[in-house]
Amino acid sequence: ATSALMQETLSEYMDIVEAYLTREISRRSPAFFAALSTLEELHAETDRCIDNIHVLRADLKRTALTQCSPGLEMIRLRRRQDHLASVLSDVELLSNLRHIQPTIDELVASGDCIGALNLITEAQAMIDPNGSANPKLKDTNAFKILNAHMSRSLSAVSSFAEQELAAIVLRDMREFVDDGLSSTADGLLGRSQVDIYQVNLAMQLTPFVCGLVRTGSIASALKSYRDCLMSESAALIEALYPSDFPRSKAHAAFNDASQQRVLGTAVRGQTFDQFRTMLGQQQELLLLLISHISMVRRAILAVLDENRPTADENCAEPTTINSKGEQTSPLLRRYDAAKADVLRSLNDTFDAFMDVAHVRCAKLLNHRSEQNARLSLVGFHSLYTSIWHFITQYEALGGKMCFGLRGTLTAQAKAFLSNFHTEKSRQIQILIENEQWVQAEVPIDFQNLVNQVIDAAYAGDALVAIDPQSPLLLTSSLRSGNKKNSTVSLPSAPIPAPASGFGSTPLANSPLALRHQNSTGLDGPQSKQLMTMPRVSAAPQSESPLSARSLDPNTGYGLLMTRTDSDAASIRSVDTAAIGLMHIGGEAFHVVGCSLVLVKSVVEYLQCAINIPMLVTDVLQRLVEVFKAFNSRTCQVVLGAGAMRSAGLKNISAKHLALASESLSLCMELIPYVKECLRHAMSPSQEVLLAQLDRIVSDFSNHQSELHRKLVAIMADRADYHGRVLATTKWDELEHSAQPPVPAMDALVKEVRKLHKVLKRYLPPPALRSVFAQIFSMYETKLTAQYQRIRITSGEGKRQLMLNSQFLLRRLRALDSSLSVDWELEVVVNNIDLVKPYQPASAVSASPVPTSQSLFSPTGSQQPSSSDPPLSLVSPMADDDDEVVSPDAANMSVRPSPSAPQSSP
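Going by this note's numbering, 790 is the number at position 783 of the sequence shown; the sequence numbering is gapless.
Rather than coming from a laboratory, the hints here were simulated on the basis of the structure. Values in this document were obtained by computation on a predicted structure and should not be read as measured data. One thing to keep in mind: the hints can contain errors.
With a straight-line Cα cutoff of 25 Å, these simulated DSS-like cross-link-like pairs (lysine-lysine) come out [unchecked claim]:
hint : residue 1 : residue 2
1    : Lys657    : Lys761
2    : Lys767    : Lys717
3    : Lys843    : Lys737
4    : Lys230    : Lys421
5    : Lys767    : Lys757
6    : Lys635    : Lys682
7    : Lys767    : Lys789
8    : Lys407    : Lys230
9    : Lys657    : Lys757
10   : Lys717    : Lys657
FRET-style restraints, in silico, Cβ to Cβ [unchecked claim]:
hint : residue 1 : residue 2 : range
11   : Ala226    : Gln628    : 46 to 56 Å
12   : Gly78     : Glu129    : 22 to 32 Å
13   : Ser376    : Pro773    : 47 to 57 Å
14   : Ser824    : Gln628    : 23 to 33 Å
15   : Arg268    : Ala242    : 16 to 26 Å
16   : Glu448    : Ser653    : 18 to 28 Å
17   : Asn373    : Ser653    : 38 to 48 Å
18   : Ala654    : Glu448    : 17 to 27 Å
19   : Glu129    : Ala226    : 15 to 25 Å
20   : Met210    : Arg268    : 38 to 48 Å
21   : Val695    : Ala242    : 51 to 61 Å
The beta-carbon is built from N, C-alpha and C at its ideal position, and this holds for glycine as well.
Please work from the sequences and hints to get the whole structure.
Shown next as structure tokens:
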């Protein structure tokens, strides 16, 4: 039943679909039949078009045969004619090239590379006149064979031209160097000589440079020149080295570690004269080579500028206008590019050799750094001057700073100063420890040195004439075997000046150049205004030991003496007149041996500062250390009594203290002049460092005050001793006829007179008055206190004390009229109260027993009786003027550990 129902449903659906399809077909049938009729019409129209095309084709074929074919044949024939003409031209070109090739071969074989280069250039221009050769021609076998042969010829000619260019330049370099080394006494090659060399070289190089530029081989030629230059210069330089040094083929091999070890051993085995000669010859040779390389650069660039093509020389190439408004072409652009490459290559060669130059000098210096540090001052100055002269010319030629060699020179200068300072400090210390503290005669040459320092302090004035032969201006390097100071002519273009403050060579007109002897270099009123301080004139026939011995260029290159007594020996061996005192700034000073050595050392330090300006601040620091060491060691051996152990002195006497004080005064008087000398060599920003010397003067002053206080302390000990002796003197038991002085008072006066005589001999009057003012003040205080403790029981004892006090005052006043001795000892004596004498027990009824206070009290309460006559304030007594007092002041001495007071030893 279900399937029947489904069939009925499906039948209904089929009827519906059939009805729908019938309705649609009936609705669309007209359009279908219309399209069908249109298609049939299109087929008919197509058949008619095809027929028309056949007719047109027939017409065109008939027209081509009658009208177009003759014209096209004419065009084809013309094109074939042109092609055959091109082929004939190429054949003729190949024929010409084949005829040129044997000529090129003959020129190459005969060595005429210029003619060969010209023919090859012409052949290249024939093949490729505009830079765009026919590619079909290049692909032909004949052209390939010919081109290969031409390339081989060009390579041979270019190689020959490169070798010839390098040979011409090197030959000219040898002649240039030979002329420079064999030139006049100063070794200068003038600008005119260099210009002549440049013109001749340019004439020889012109064809080679132009040909190599045209063939594009100029860069290879310059590279060949650079290699030959390095090899040739290495051979020339190393010919100056010791014979056991293995020769290197180039500068690069020179930096090998094994090469440097061998060179270092050989250089260290040389004497200083040998090394100085070798270094000077190398520097001279390097400067000549640098000058020649610079000249070659200028010559090649001049050739390129003179032979630069113009826009009219190649009209076939299109020209344009560049940004500068100039006509340019591909040829000109190629030429300018080639010139830029040439300039770059030449600059690289110049810079490379400049590096080689300063590296070689720096390595030689570094190999002898230890020996250079131990050179004498003159020896190192000669080395420094030579190197600095090389640096200035090197920088002038190269137009740039030589930082490497400057740094090496600075390091070695500081090492030299450090070693110099160590030696001087050690010598001064040992001399102070061994000093006997006796007055030494001042050689006139040492006085001359002090005068030189004083003159240098005034040399900042423009009116002061400078003597270039001054001992402090070391010029031995200019007189020491090297006959030349300069070997090159500097370029005309301005060269930037070296940086200031890095060091400079001292000039003869330097404000620190010290003059010989006592010459002030001034005339007229200016001389009177500036040079007001008296000086000790030197003997005309004498010469300074520094200028005659230490500054001798033939003997001054040795190492510093290592013996500790070298300076002392030099003082003892001076074969000139001597004076008793050292005169500085209107003051005269007694000196000892170590003071003279200190003065000489200070002058040598000033020589370092003047002649090696880069060391001026280091020299200042070293001088401060030397003055501090002198001050401290003097204090240790004198005030600390160290000389009793180190120098074997039995005691430290007042004479030793006075001479030590004089040595300090000498330093304090000299330091301001040293300060002014250093100020002239310093820049304004460095002058603040000079305040250290002011502090040193203050330290010296404090030390001197301690010495003076020590003298006062010595006399204070003696005053205590004599005061106690005076207190124990039995004044009441002295007879009425006894004349003063008592032994204690006589000993006191003799000691004071003896001390005054010693100090008057060694100390200046102001210092003497200052010391004795303190001593007298101390004596007044101590004697007044001691007098008040004296027990006197009778008027006779009081009179004897008064007479002795008057004797003391009279003798002290007779020492020096400028010394004030306004003591009140007489008033004190008059105010002494008499004490009743001690009575035994049996006499108690006759006299009261004094208390212990009245017997032993420092100030008794007893008053003199009215029956005792008053003491006269002035008592006549003959002066003991004929007494002879020994100048030795050993009685007043300093002990390391003071003991109980003693009598005069």
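Taking the hints in turn, this is what the structure says about them:
1. For the hint linking Lys657 to Lys761, the alpha-carbon distance of about 19 Å falls within 25 Å, and the restraint holds.
2. Between Lys767 and Lys717 the CA atoms are separated by roughly 17 Å; this keeps the pair inside 25 Å, and the hint holds.
3. In summary, the hint linking Lys843 to Lys737 is supported, as the alpha carbons are separated by about 14 Å, within the 25 Å threshold.
4. Between Lys230 and Lys421 the alpha-carbon distance is near 41 Å, which puts this suggested pair outside the 25 Å criterion.
5. The hinted pair formed by Lys767 and Lys757 meets the criterion: a straight-line CA distance of about 15 Å does not exceed 25 Å.
6. Between Lys635 and Lys682, the direct Cα distance comes to roughly 15 Å. Compliance with the 25 Å bound is thereby established for this hinted pair.
7. Taken as a hint, the Lys767 and Lys789 pair is honoured in the structure, with Cα atoms around 24 Å apart against an allowance of 25 Å.
8. Of the pairs offered as hints, the one joining Lys407 and Lys230 holds, with about 24 Å between alpha carbons and a cut-off of 25 Å not exceeded.
9. At roughly 22 Å between alpha-carbon atoms, Lys657 and Lys757 fall within 25 Å of each other, so this suggested pair holds.
10. Note on Lys717 and Lys657: the hinted pairing holds, with a Cα-Cα distance of about 18 Å set against a maximum of 25 Å.
11. Range check, Ala226 to Gln628: about 55 Å between beta-carbon atoms, so the 46 to 56 Å window is met.
12. Checked against the given bound of 22 to 32 Å, the beta carbons of Gly78 and Glu129, roughly 43 Å apart, lie outside it.
13. At about 51 Å, the CB distance of Ser376 to Pro773 agrees with the hint of 47 to 57 Å.
14. In this structure, Ser824 and Gln628 break the distance hint of 23 to 33 Å, their C-beta atoms being roughly 47 Å apart.
15. For Arg268 and Ala242, the hinted distance range of 16 to 26 Å is satisfied, since their beta carbons lie about 21 Å from each other.
16. Range check, Glu448 to Ser653: about 23 Å between beta-carbon atoms, so the 18 to 28 Å window is met.
17. About 40 Å separates the C-beta atoms of Asn373 and Ser653, a value consistent with the hinted range of 38 to 48 Å.
18. Take Ala654 and Glu448: their Cβ atoms lie about 19 Å apart, and the range 17 to 27 Å holds.
19. The hinted window of 15 to 25 Å between Glu129 and Ala226 holds, with their beta carbons roughly 23 Å apart.
20. Between Met210 and Arg268 the C-beta distance comes to about 47 Å, which sits within the given range of 38 to 48 Å.
21. Restraint check, Val695 to Ala242: a C-beta distance of roughly 53 Å satisfies the suggested window 51 to 61 Å.
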